[in-house]
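Engineer: Protein chains in written order, with the working numbering: chain F, 118 to 561; chain G, 710 to 959.
Source of the hints: derived by calculation from the structure; they are not laboratory data.
Errors might be hidden in some of the hints.
Unchecked claim - Some chain F residues near chain G, calculated using beta-carbon distances under 8 angstroms:
#1 S135
#2 L432
#3 R556
Glycine included, C-beta positions come from ideal geometry on N, C-alpha and C.
One letter stands for each residue in the lines below.
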Amino acid sequence: MSSRGVARTFAGWGRTTSSISLSARARDEDELAELIRAAPARGVSSRGLGRSYGDAAQNGGGLVIEPFRPDAEPVLTGDVVTVSAGASLGSLLETVVPRGLLPPVLPGTRQVSVGGAIAADVHGKNHHVDGSLGRWVERIVLIDGLGERREVTPAGDPDTFWATVGGMGLTGVVTEATLRLLPIETSYLRVRARRVRDFDALLSAMRDSKPARYQVAWVDAFARGRSILEDGEPARRRELPDGVARHPLECQPRTRIVAPSLAMSPLRPRVVRAFNAAWWRRADDGERVVPLSRFFHPLDGVGEWHRLYGRRGFLQYQIAVPDGAEQVLERFVTTLPDAGLTPYLVVLKRFGPGDDGLLSFPRPGWTIAADFPSGDPALARALDEMDELTASVGGRVYLAKDSRLRPDVLTRMYPELPRWQKIRAELDPLGRFQSDLDRRLSMR
Amino acid sequence: MTNNGTRRPQRVVLLGGASEIGLALVSALDLPPGAAVVLAGRSDERLAAAAASLPSNLDARRVWFDASTPEKHGAFFDELFTDQVDVLIAAFGVLPRQTEAEQEPMRAVDSLAVNLSGQVSALLHAANHMRRQGHGDLVVFSSIAAVRGRRANYVYGAAKAGLDAFACGLADALRGSGVHVLVVRPGFVRGRMTQGMKAAPFSTTSAKVAAATATALRGRRAVVWAPSSLRFVAFAMRLTPRGVWRRLRF
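Model the full structure from these sequences, guided by the hints.
Structural biologist: Here's what the structure looks like:
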């Protein structure tokens, strides 16, 4: 029998809304099915590495299933890998990169589980070229609400597949996935950084010039949207500097320091403003060759960095809006700072066409993510307004980051919700899969 | 308030649904539009008036609840907690006229049935349900009267002293369960309950108590005095020699 019945406090990465549940681990799919069939009244939720910022991977008063077989070795056949859902993208990188392959979609941290990445249909800095993760998933194994094992492919059972990809873990527990990988010559990128003096210039730079395969802008909301725009292309072998050319596929991501647990946050507007300004001055408008982990996962260099926001935690607000709705983006560097609600970190990216995920976040246009320290009551009202504005231009909030959206707004942002609900009810007729996010947003 | 990243609750229950302080607190919580507010009390007429006084973008509902019949509380709370409750405010209570209570002891007993037994029963039921849901805030209204029994209102004071001790113990018992208890100790609050009474020093209003309580809830504090200077008054009250205390008229 699996271990079960340990009460644990679970919180999202933003640490704003914890809840207590029993936690259990299953050693194989049979044990997992057993846990699901024995679900308590408040249901079961599966959790990966807890990098959802809000309450997606917690289930107050119910059961939380810990990552499934996190240490199982990925199996590589050609450029296709089959990996356990509980494994982290980081461990996958360590296996496949030395063999000249790269997961085509890498979110901002490598500390996410494969299952969680599928549940959120994550995107990377190359969404405008490569789409989100769902496009690269060839097959998943799903344990449904009756404990039945299903092998699901996008062609064989598109309904189940596209309800599960982006489905926030509410259609079942994914135990393994088969992903297509991209061939790479080196584990380095050629990164060109450009300093852009204000937000308007940034928008036109991103709109008008053809982006590289990977593109991201780091925006300083304390300085009216002064930004650093980074474009990255996979480095060819001959482009590597001599020092690293001998180990072109080296993959040694490192966590250099771990942030301490703090009651009070050292991050104050004045500190962040100074830090951002220094960052801007330090940046150079040139091209460099950097290891992929430094480009894709700069924050992973500091372990547990969310602790820097102190006990109150922080809130990340990420929305997608179509082209033509730039006035919504501008609010992050104008209206919000003017109201004393300056986000500490703002990241802007382009989105290409979305996939068929019924609740998948990406839609063509823009996506912007902003980190706010939690605790200011004015922030709640300001973000409610942003929700309304976003919904009115046909945009949406990213559920993997969310901890505060309201149910009525959700239905306007995700028009496919009713269809998703129908498929969900078929996969889980007894309503065993639940989460705090699910209850907060009345998603059933 | 655990259910929203900006610390705004989505479903609030007010026991004593027509209570001025309770309603003021519901307003001070700055609930998101569409949030559910359950007003529980004995008089549907007064609950209806209370519901009408809340902002129209809240989803106000009325349910019958009688604090003085604890044998019915089990069924009441089972029904209430079929959906999760983020904040439960126990704002019901009666203020017996001291002289009447002295002359008719049953009046004193009846007030204790609401102010103490009713509170204990309701809070225990709610705490057990919240423990199962893994999160929640309980707001308990103690009083400055709980600090030291005084001749002008010792029956009320006894109930509040009992409730205060109970709530502090409950808070400790719930530590680590995800459920948080906030004990509010207001001074003399000018309002319906104290109509016709002479205001005591450091008197305050429902709105001020509510604002202080909402802030304390957001910060997950254990105790809040309203006004905050009362904590020093309470300290002085405890130090006052009995002979002097007895002679004080307020």
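Engineer: List, from low to high, the hint numbers that the structure doesn't satisfy.
Structural biologist: none
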